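Novice: Chain residues, written in single-letter form:
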Amino acid sequence: MTKWLKESGPESDIVISSRIRIARNLSGFPFPHMLKEDNGKDIANRVYNAVIEGNESLGKDFKLVEMHSIDKVDRLNYVEKHIISPALAKNTATGSLLINQDESIAILINEEDHIRIQCLLPGFQLDNSWNLADKIDDLVEEKVKYSFHEELGYLTSCPTNLGTGIRASLMMHLPALNMTGYINSILQASSQIGIAVRGIYGEGTEFLGNIFQVSNQVTLGITEEEIIKNLKNVGIQIIQKERYIRESLLKDKKVELEDKAYRSYGILKNARKITSTEAMKLISHVKLGVVLGLIKDSSLEKLNQLMEMIQVGFLQKYYKSQLSEYDRDVKRAEIIRMNI
Amino acid sequence: MICDECKKRKAVVHMTKMIQGHKEEIHLCEVCAKAGENSEAINNFSIPSFLTSILDANYNSNSTLRGYGVTNECSSCGTSLHEFKESGKFGCDECHIVFKERLNPLIRRIHGNSNHVGKVPKRTGGAIHLKRRLSYLKQKLQEAIEEEAFEKAVGYRDEIRELEEEIKKT
Ligand SMILES: [Zn+2]
Ligand SMILES: [Zn+2]
Numbered sequence: 001m002t003k004w005l006k007e008s009g010p011e012s013d014i015v016i017s018s019r020i021r022i023a024r025n026l027s028g029f030p031f032p033h034m035l036k037e038d039n040g041k042d043i044a045n046r047v048y049n050a051v052i053e054g055n056e057s058l059g060k061d062f063k064l065v066e067m068h069s070i071d072k073v074d075r076l077n078y079v080e081k082h083i084i085s086p087a088l089a090k091n092t093a094t095g096s097l098l099i100n101q102d103e104s105i106a107i108l109i110n111e112e113d114h115i116r117i118q119c120l121l122p123g124f125q126l127d128n129s130w131n132l133a134d135k136i137d138d139l140v141e142e143k144v145k146y147s148f149h150e151e152l153g154y155l156t157s158c159p160t161n162l163g164t165g166i167r168a169s170l171m172m173h174l175p176a177l178n179m180t181g182y183i184n185s186i187l188q189a190s191s192q193i194g195i196a197v198r199g200i201y202g203e204g205t206e207f208l209g210n211i212f213q214v215s216n217q218v219t220l221g222i223t224e225e226e227i228i229k230n231l232k233n234v235g236i237q238i239i240q241k242e243r244y245i246r247e248s249l250l251k252d253k254k255v256e257l258e259d260k261a262y263r264s265y266g267i268l269k270n271a272r273k274i275t276s277t278e279a280m281k282l283i284s285h286v287k288l289g290v291v292l293g294l295i296k297d298s299s300l301e302k303l304n305q306l307m308e309m310i311q312v313g314f315l316q317k318y319y320k321s322q323l324s325e326y327d328r329d330v331k332r333a334e335i336i337r338m339n340i
Numbered sequence: 341m342i343c344d345e346c347k348k349r350k351a352v353v354h355m356t357k358m359i360q361g362h363k364e365e366i367h368l369c370e371v372c373a374k375a376g377e378n379s380e381a382i383n384n385f386s387i388p389s390f391l392t393s394i395l396d397a398n399y400n401s402n403s404t405l406r407g408y409g410v411t412n413e414c415s416s417c418g419t420s421l422h423e424f425k426e427s428g429k430f431g432c433d434e435c436h437i438v439f440k441e442r443l444n445p446l447i448r449r450i451h452g453n454s455n456h457v458g459k460v461p462k463r464t465g466g467a468i469h470l471k472r473r474l475s476y477l478k479q480k481l482q483e484a485i486e487e488e489a490f491e492k493a494v495g496y497r498d499e500i501r502e503l504e505e506e507i508k509k510t
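Protein sequence lines correspond, in order, to chains A and B. Using the working numbering, you'd call the opening residue of the first sequence number 1 and step up by one each time. Using the working numbering, you'd call the opening residue of the second sequence number 341 and step up by one each time.
Among these hints, one or two may not hold up.
[As the list claims (entries may be wrong)] Part of the chain B face toward chain A, derived, beta carbon under 7 Å:
#	residue
1	SER415
2	CYS417
3	LEU421
4	ASP433
5	PRO445
6	ARG448
7	ASN455
8	HIS456
9	GLY466
10	ILE468
11	LEU474
12	LYS478
For the record, the hints were derived by calculation from the structure and aren't laboratory data. None of these values were measured; they are calculated from a predicted model. Each residue gets a CB set at the ideal place from its N, CA and C atoms; glycine is no exception.
Next up, chain B with everything else stripped away, as it sits in the complex (with noise of 0.2 Å):
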């Protein structure tokens, strides 16, 4: 996370501030920690600054490169990626579809480069469960070729088919 107030360090102080029942946070580098209490960053911070800054950022360099039919707004809930950089929040889960590629700087700034790795919903992730073990057998597969134990790599082998032939019913 980077600095709010000079925008080039790495943030590592955080603060929560309360005004009027509601919270807002800020997060700043040490230098600006130190620098003082006056400055209009600690005292006049926001959530939404902080995310219109790194989509901002993004958003420029790009603006040059984007092409037709790049739509500003979900279809399904009528949220416009200005409103987004507004207010952090989405309206509903197909925005996350409809802004993935432009939100992938944001979200890699915010968790690193990667993808889901954690839970899965019992009933309505069943094809992923199977995936999941799909890419665990392969990497077996691969590490037994590699001691050339080459029984055991069979016996992966038969598996990963059966599990693909699953997943394609799926």
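With the rest of the complex left out, here is chain A (with noise of 0.2 Å):
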């Protein structure tokens, strides 16, 4: 199973995930979009064969899903999962997915690059993330000839990826932050220093389930070190005043954040039907109510994974069929009573 889901890791009262994703291209080839079928064939064959026959132990890890071999349900899942962007599920014709066990290294084949190498790793561990995304990095230029300039660093489809090519994120879930109207001053602050937070699982202008990614806008004139470094101080901050405010609304409104939170769980626990956008609102409210040990019926890596369970892919993997909007809610209900 997915480890980040599985597991919590540092700071887990905050921090969902810590990815680094990194964007190389083969030299000689087009980028994707202008690539013709066999050329995308050729290069997921020399990226699968850089890491198969690479690193013995790492090989025996891995395993190649073509986007066209699996079906719709499938790719939308990885999709929910945060595995693959949307883009890579519907480029049927070239697109390939290398991916470990756990699902915490996945490398992207034919996306908006040649190549996409993602780390995604539970809680708050960016340095980990970037170690192995560079050793995977290292591993597959042994045996592949890398588009690079010296002064445009690493060559990639967009320019916003030049450079390191590295995006590094956060996935936060800042609940009390956001109730406070706190959050406008750090999406204000981080953008100043080139970092940008944005609300995710995102419909128009609502920050769903209070979660954030937090990532390096800049990837050109500055290190793999330094964007890390960089964003591993804005999260510590983040992480800070976020705690920060759960114990001054600790403090003063103790009854009015566990009534909230048991509300909210008194609903997940009886509903018959609910949409995706409700369910994670109240998920929010209860997963604070655990962190701060006002709910004890409940677990973070529940909710987690919670979360991941009521989307739409998830859903019709689950009951193996495809789900019409209102049967969708029901089995959404269904999902989040037997589970919470």
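Two chains, two separate frames, one set of hints: put the complex together.
Specialist: Written as structure tokens, this is what we have:
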């Protein structure tokens, strides 16, 4: 099972996962959207061989998943687990995924770039993610020739990834900052230093489930280590602020917090039909209750998993059928009642 | 990053939206973000439009200065500057070289005014590793001279000479 969902890592009261993604392209081939099918297969094979043959113990751990060989539901499921992007899921012609057993390392082949190495670990552990990604990068580079320019660094399909090609990100649960509106000053301050904060699972302007993705914007003219250090510092500051507000809420508004958490828990425990938007909101309230020790009947790991299990792709995979919106809401409520 | 809506103030709110499994992003300043959910940019945004606005600003101001022999198409993959503006994506690594000068303002806008200082491929980056070592030594030499540490300076100078020879050979 997916490592970041199964386990909770350091600072897991706030940080859900840490991700490093690096973009690379092979020299001598057009970028994926211009690529012919046989060239695309050729690239997938080269990367596959580099990993499988490059390191015996690592090689055994990986499997190759071609996008055309799995169905729509499985593809959506990978997207919802944040392992692949919608763009890769759509590329059934040349898109492939090399993935290890616990799904902490994924190599996306022929997404926007030929290669995207992604390491996704539970909790706050950016350094470990980077070390892993760096190692895989070296392993692949032994067997293929990367597109590289002295001034521009690793050449990528989109100029926003030039240079190091690295995107480091933290997925954070920030209910207290969002509830009190302090999140806006965080957004502002972060952007001043090249860090973007976005709501994820977002529809429109709402920050669904109080979950935010914090990531570096700049990839050129700065080293990988600096990028990670900067993001870590921002992460630490956000964690401290969120904890501070949680504590003062607990002091001043304990009954209200408890009430909110238990009401949410009650609905989740009993609802017969629920949308994902409502479920995400309620799970977030319960999560806060669990972290603050107000609710003892559930756990962080369970709730993190639940946030994934209520997504459309997961429901359809679990029930092995395409579901109408109405049926999804019913099945979602069922899955929540069974698992919370 | 500049606000997608007013194109004036700095964007501080970043949003992601899913439309039929397709992810889109919008970047807004605080004023525009607060101004409302009904604005066109929020309901109807895309990454390319952000790129295009920057490119156009630069493109128009320079258009009278462009001389002959400026190609608008990559000779290797055939991607045109126009296509890049539409999609925000290059067709191949050669595009970066062909359009480098004209894309500098865009790159600067995204990343600031600088060159790559991060990781270099082990196998293909040999000469770059040497050059980086060279500029490091030159800086050290300068420091040594300023500190009047002449013995050190001589050491650096010799090492620089050796390295320059080595770079010539590669
Ligand atoms: Zn604005
Ligand atoms: Zn090209």
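Novice: If a hint holds in the structure, say so; if it does not, say that too.
Specialist: Taking the hints in turn, this is what the structure says about them:
The restraint placing B/SER415 at the interface with chain A is violated, with a minimum CB-CB distance near 13 Å, outside the 7 Å limit. Contact between B/CYS417 and chain A, as hinted, is supported at the beta carbon level, the nearest pair being about 5 Å apart and thus within 7 Å. For B/LEU421, the shortest C-beta to C-beta distance to chain A is roughly 13 Å, which exceeds 7 Å, and the interface hint is violated. The beta carbon of B/ASP433 comes within 4 Å of a beta carbon in chain A, closer than 7 Å, and the hint placing it at the interface holds.
Nearest Cβ of chain A to the Cβ of B/PRO445: about 11 Å, over the 7 Å cut. The hint is violated. Interface hint at B/ARG448: violated, since its Cβ lies 10 Å from the closest Cβ of chain A, which is beyond the 7 Å cut-off. Here the hint on B/ASN455 is kept, as its CB sits about 4 Å from the closest CB of chain A, short of 7 Å. At about 3 Å, the closest approach between the beta carbon of B/HIS456 and any beta carbon in chain A falls short of 7 Å, and the interface hint on this residue holds.
Because the closest C-beta pair between B/GLY466 and chain A is about 11 Å apart, greater than 7 Å, the hint is violated. Contact between B/ILE468 and chain A, as hinted, is supported at the beta carbon level, the nearest pair being about 6 Å apart and thus within 7 Å. Against a cut-off of 7 Å between C-beta atoms, the interface hint on B/LEU474 is violated, since the closest Cβ of chain A lies about 13 Å away. With its C-beta approaching chain A no nearer than about 17 Å, B/LYS478 sits outside the 7 Å limit, and its interface hint is violated.
Figure legend: structure checked against the earlier numbered hints; hints not met, in rising order: 1, 3, 5, 6, 9, 11 and 12.
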